[in-house]
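Colleague: Each step along the sequence shown adds one to the number in numbering that gives the first Met the number 0, with nothing skipped, and position 133 is 132.
Derived from the structure by calculation, the hints contain no laboratory data.
Computed from a predicted model, the values in this text were never measured in an experiment.
In this text, a Cβ means the ideal position worked out from N, Cα and C, and glycines have one as well.
Treat the hints with caution; some may be incorrect.
[As the list claims (entries may be wrong)] Cross-link-like lysine-lysine pairs, in silico, BS3-like; alpha carbons within 27 Å at most:
| id | residue 1 | residue 2 |
| --- | --- | --- |
| 1 | Lys162 | Lys35 |
| 2 | Lys55 | Lys41 |
| 3 | Lys37 | Lys101 |
| 4 | Lys101 | Lys8 |
| 5 | Lys61 | Lys37 |
| 6 | Lys125 | Lys91 |
| 7 | Lys107 | Lys8 |
| 8 | Lys41 | Lys15 |
| 9 | Lys91 | Lys162 |
[Stated by the list, open to error] Label pairs and their computed distance ranges (CB to CB):
| id | residue 1 | residue 2 | range |
| --- | --- | --- | --- |
| 10 | Val89 | Ile44 | 36 to 44 Å |
| 11 | Gly28 | Pro143 | 19 to 27 Å |
| 12 | Phe144 | Gly60 | 17 to 25 Å |
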Amino acid sequence: MMDEQEIRKYVDALGKEQKWNHNYTLPGGIQTVPGKQKSHGKNLIKLTRVEPLLEKINLQGKRVIDVGCNEGFFTLKMGSIGAEVIGIDVDKNRIAKARFIKNLIGDKLNISFEVQDIYSQEFSEKPRYDLCLCLGFIHRVPDPFRALAALSDRTDMIILEWKALKHGPHD
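With the sequences and hints as input, model every part of the structure.
Modeller: What follows is the structure in structure tokens.
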């Protein structure tokens, strides 16, 4: 087990390579993104929207893939409620952070993380999953229709959340 000083050192080093996106509260009260989250896209706020859906689905014993998992917040959340989860992202720095967090606070969970591209042959050979979670993902891919086709080949149920452009007055 790491002490507070070691945890802080790793959090800072990973944050220097790439700014943290997900806010975790780690042992010793260390936060990866300290302060109150205000943006609808931040993990703690997004959790309030997603958690009721996850409860209705009942993930106990289900196989889930978290596509565009970022630093693994939702992968860990779904693992903590009994799912077997793989979190994938194309960004190796995000996956390095997710693995660090898993080793620190989620070591006993049935989760794993991989650098993976959904357009790859390797992804097309993955097994089928009970659920595919895609939060803040579809608006970032170069070909959303091809992405949705690739995802629908791997699962029958997909939860999507994305940014949409506002039309009309901002108020």
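Colleague: Now tell me if each hint is right for this structure.
Modeller: Hint check:
About 21 Å separates the Cα atoms of Lys162 and Lys35, which keeps this hinted pair within 27 Å; it holds. For a cut-off of 27 Å, the pair hint linking Lys55 to Lys41 stands: about 22 Å separates their Cα positions. With a CA separation close to 25 Å, the supplied pair Lys37 and Lys101 stays within the 27 Å bound. For the hint pairing Lys101 with Lys8, the CA-to-CA distance comes to about 17 Å; that is within 27 Å, so the pair holds.
A C-alpha spacing of about 32 Å is found between Lys61 and Lys37, which places the hinted pair above 27 Å, so the restraint is violated. With a C-alpha separation of about 19 Å, the suggested pairing of Lys125 with Lys91 holds against the 27 Å cut-off. A hinted pair counts as satisfied when its Cα atoms are at most 27 Å apart, and Lys107 with Lys8 qualifies at roughly 23 Å. Note on Lys41 and Lys15: the hinted pairing holds, with a Cα-Cα distance of about 20 Å set against a maximum of 27 Å.
Between Lys91 and Lys162 the CA atoms are separated by roughly 23 Å; this keeps the pair inside 27 Å, and the hint holds. At roughly 24 Å, the beta carbons of Val89 and Ile44 sit outside the given window of 36 to 44 Å. For Gly28 and Pro143, the Cβ-Cβ distance of about 40 Å falls outside the hinted range of 19 to 27 Å, so the restraint is violated. Against the hinted window of 17 to 25 Å, the Cβ-Cβ separation of Phe144 and Gly60 comes to about 32 Å, which falls outside the hint.
The structure fails to meet hints 5, 10, 11 and 12 from the earlier list, while all remaining hints are met.
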